[in-house]
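Asks: In case you want the letters, here they are:
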Amino acid sequence: MTRNPAQPAPITGRLITVLLLWCLLGVAASAERPQRVVSINLCGDQLLLMLADPEQVASVSNLAVEPLSSFVAEQAERFPMNHARAEELIALRPDLVLATAHDSPRLLSTLETLGYRVERLPPADDLPGIVASIRRVAGLLDQDERGETMIRRLRRRLHDSDQTPLAARPTALFYQPRGYTSGRHTLQDQALRLAGWRNLAAEQGIEGYAPVDMEHLLRWQPQQLFTSIYDGSGDSLAERQLLHPALRRLTTGRPLQPVPYRYWICPGPMLADAVALLREARSRLPAAPEPNQ
Amino acid sequence: MNPALTQRQLNLLLGALLLLAAGLSLLTGSEAIPLLQALRESLAERPGVAGLILTELRLPRTAVALIAGASLGLCGALMQSLLRNPLASPGLIGSANGAALGAVVCLYFGLAGAAAFILPLGGMLGALLATFTVYLLAGRDSGSLTLILAGVAVNAFTLALVSLLLNLAPSPYAVQEIALWMLGSLANLSRNELWLLLPGSLLGWLLAWRQGRALDLLGLGEETALSMGVDLTNLRRRLFLAVALAVGSAVAVTGAIGFIGLVVPHLLRPLVGHQPSRLLLPSALGGALLLICADIAVRLLPAQTEIKVGVLTALIGAPFFVWLIVRNRGRSL
Amino acid sequence: MLNAEGLCFYRGDQVILDEVDLELGRGEMLGLIGPNGAGKSTLLRLLAGVLTPDAGSISLDGRPIESLTRRERARRIAYLPQLNQIAWPLSVERLVELGRLPHLEPWQHPGPDDRAIIERVIVQTDLLALRQRPFDTLSGGEQARVLLARALVTEPDILLADEPVAALDPAHQLDVMDLLSDHCDAGKSVIVVLHDLTLSAHYCDRLQLLLDGATLAEGLPEEVLDEDNLADAYAIELSEPEENALAPFSLPWRRLRRSD
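Residue numbers (the working numbering), protein chains in the order written: chain A, 1 to 293; chain B, 1001 to 1333; chain C, 2001 to 2260.
For the record, the hints were derived by calculation from the structure and aren't laboratory data. Everything numeric in this text was worked out from a predicted model, so none of it was measured. Note that beta-carbon positions come from the ideal geometry of N, C-alpha and C, so glycine has one too. A few of these clues could be false.
[What the hints assert, rightly or not] The following residues of chain B were derived to be distant from chain A, with all beta-carbon distances above 10 Å: (1) I1053; (2) F1157; (3) Q1304.
[What the hints assert, rightly or not] Ranges between beta-carbon positions, derived for each pair: (4) A:L166 <-> B:E1045: 41 to 47 Å; (5) A:P258 <-> B:L1017: 31 to 37 Å; (6) B:L1203 <-> C:A2129: 44 to 50 Å; (7) B:W1195 <-> A:L166: 53 to 59 Å; (8) A:Y261 <-> B:G1143: 31 to 37 Å; (9) A:L166 <-> B:A1318: 49 to 55 Å; (10) A:L166 <-> B:N1192: 50 to 56 Å; (11) B:A1318 <-> A:P258: 42 to 48 Å; (12) B:W1195 <-> C:G2140: 38 to 44 Å; (13) A:G234 <-> B:A1318: 48 to 54 Å; (14) B:L1027 <-> A:P122: 33 to 39 Å; (15) A:L285 <-> B:L1039: 30 to 36 Å.
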């Protein structure tokens, strides 16, 4: 219909403009929010399923349904599974692919060359790193609110993290199959510190994961030994090593405390649960640390 | 020819060296501990660190090295004398790998959980099976070539089976442990392993006791031995069993450590006038000595993860083979 | 002293020995002759206890041989196989010493009596100069003497020798045969497998000719070594003395004693 040029634009016109603008913004907003997110490894899977709307998830990796390693095993069963293979992933038509440094660089560069959006999540081995990871994924998924809620909850649980001075803390050590221990810059180390332990491996200067000779262990005399065995059937030389009588005598009869392996695989809010476990172990120590000399 | 040392002198010398090596082994480890203090502590009610290290780590390790090394040396001498072939060592004729196969079956598939002794038992059965197979393949009194070929075949097959089983094992750590079984290791042994090792070893040694004379006579020829009163079938049965028991137990605990059963009797044979009966005790002592020395070396070498002791014995064994080849060029082995 | 009756031995379908009898008296040297494959070595092995007969019986001094323990049998009967199967290069002395083992308990070492016997045999077999030499450094003849010495040291009542002179030169052949003969003089008995007909005629008290696993002839040498037997067994002819003019031959007959 033609308008009388002499008359000013009516309210309807302005309304339509605002409506139009609003729609545009809405479209723009939903264009930013990924609708077909694919994760090709466990760490991405977990954060994805914890932070995204179900409609956003196009596929998670086959590792997500393993109850021994995944915290989202039940949830993940509802979604299509991928095995991190190029043809599979292309068939899913993702608008965002979540990957980590452990994924095949060739796979990732292939996807990028084909025009897919690939986001690599950096590794994280301490609390700030975990927080940054959560924020990053939340941002990618356009779920910032959810991310902040998760972080708040995490911080609250760890808020009463131990302020005991170092000297007064009891000593501990992770001793895993084949004699591996966790030194500085590991999730185990972070959890121990937050739970009020002294990580002897870190104090001895060990970086990351490294095997430690049993004689050193006896010399350092940790008051508590923790272990995480992946799917331990108990039947391997690596696992039998943990049954060495010397370890028993070392901790004056206190057995190796098992901690589920899956806490250490990926950075995430589950660290709080691990810390709770380690705290509880600390509370079970006799009041004064016994001298073992 | 008059050997430079008499039999008794040789045995005493080897024994003395062995004691010395055992002492050194107790002093070797990643932590420096004062030995006297450690000895005192080990007798105390609640031992300190030094005592613990000594009694729980170093003592079992040294004892296992001693017993396993003695078994390997002795069984090498036994097999070489029985098969009348200087190459018939427990490693070459398949006993060691067969024992590893038996042990792997028992350990990784839950059988050893039922009772601790099942593990060395598996080793014994595996050793017996493999040795007997080589014996059947190679035939009696066969030449070195046939024996080696039979040994190669059986070794290759058992090795393949071990790898396969480790890949199929329920534990995710299993697949990385093939090197431990194939090269052997004395790391992290405890007194439990020592008790597992003892029965089979002692039984094996007992069966081999006093068979030296029969082996001497066998050295004259099978027919001559028969005519001189040797019960050949019984001798073979007895010695195969002895080797299976001793080597089977040893490998079940330490993995397949190679070359000791080959090198030690070879080196000592000229010193005992090539006589089978005089070779037995020295080979046992020499085998123990060699293994303890290799284990000391392994602990002294700087490396993040300890080098497997079988690597060192192979480093000794390979040049030894080269020397054999060079020395025998022109002569048939 | 030694009696064998109806000995049979089969290898699969093949008949190696068919109802063979054998008698050996005290102080007697019996020569076993016959073509290759006649079963001589097998017969010797049966008597030595190396093989078990499929049928027939062996008795020693009237007692069945099964009633003896292995060690008793080893003390009374010594066997010298055809082929040298020594596995390890022991010294001559040690090798010869092994011959005393059937007389020793498992824990016993050779005593002064044993030593005396060993010494005597070493001298007898002319091995004094060689006693410390490793076996593999000896010549064929020397090795044969060592193996014989080992058998003699056992002081067996019966010595079974399978072609002991096969690879030896004439002088050493006579040496060995003399030694065997001396053994018989001392009241012991010998069964020796020989190919050399002249030697067998010269030294043996009796001969037994085997053909295809059965006894063709048995008795005094001149009886056994007649034209018909030899033609049947070996398909050969003996030369008559007159014909010798055309083809002269030398017959080693006696060993000359060298002054050492």
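Asks: For every hint, state whether the structure bears it out.
Replies: Each hint tested on the structure:
Not every beta carbon of chain A lies more than 10 Å from that of B:I1053, the smallest distance being close to 5 Å; the non-interface claim is violated. The Cβ of B:F1157 lies farther than 10 Å from every Cβ of chain A, with a closest approach of about 23 Å, so its non-interface assignment holds. In this structure B:Q1304 is not separated from chain A by more than 10 Å, as the shortest Cβ-Cβ distance comes to only about 7 Å. Take A:L166 and B:E1045: their Cβ atoms lie about 32 Å apart, and the range 41 to 47 Å is violated.
For A:P258 paired with B:L1017, a C-beta distance near 46 Å fails the hint of 31 to 37 Å. A beta carbon spacing of about 47 Å between B:L1203 and C:A2129 agrees with the range 44 to 50 Å that was offered as a hint. In this structure, B:W1195 and A:L166 break the distance hint of 53 to 59 Å, their C-beta atoms being roughly 42 Å apart. Separated by about 55 Å at the C-beta atoms, A:Y261 and B:G1143 break the suggested range of 31 to 37 Å.
Distance hint for A:L166 and B:A1318: a CB-CB separation of about 52 Å, consistent with the stated range 49 to 55 Å. About 37 Å separates the C-beta atoms of A:L166 and B:N1192, a value inconsistent with the hinted range of 50 to 56 Å. Between B:A1318 and A:P258 the beta carbon distance is about 43 Å. The supplied range of 42 to 48 Å therefore holds. With their beta carbons about 56 Å apart, B:W1195 and C:G2140 fall outside the hinted range of 38 to 44 Å.
Distance hint check: the CB atoms of A:G234 and B:A1318 are about 37 Å apart, inconsistent with the given range 48 to 54 Å. A beta carbon spacing of about 48 Å between B:L1027 and A:P122 contradicts the range 33 to 39 Å that was offered as a hint. A hinted range of 30 to 36 Å for the beta carbons of A:L285 and B:L1039 is consistent with their spacing of about 32 Å.
Checked against the numbered hints given earlier, this structure breaks hints 1, 3, 4, 5, 7, 8, 10, 12, 13, 14; the rest are met.
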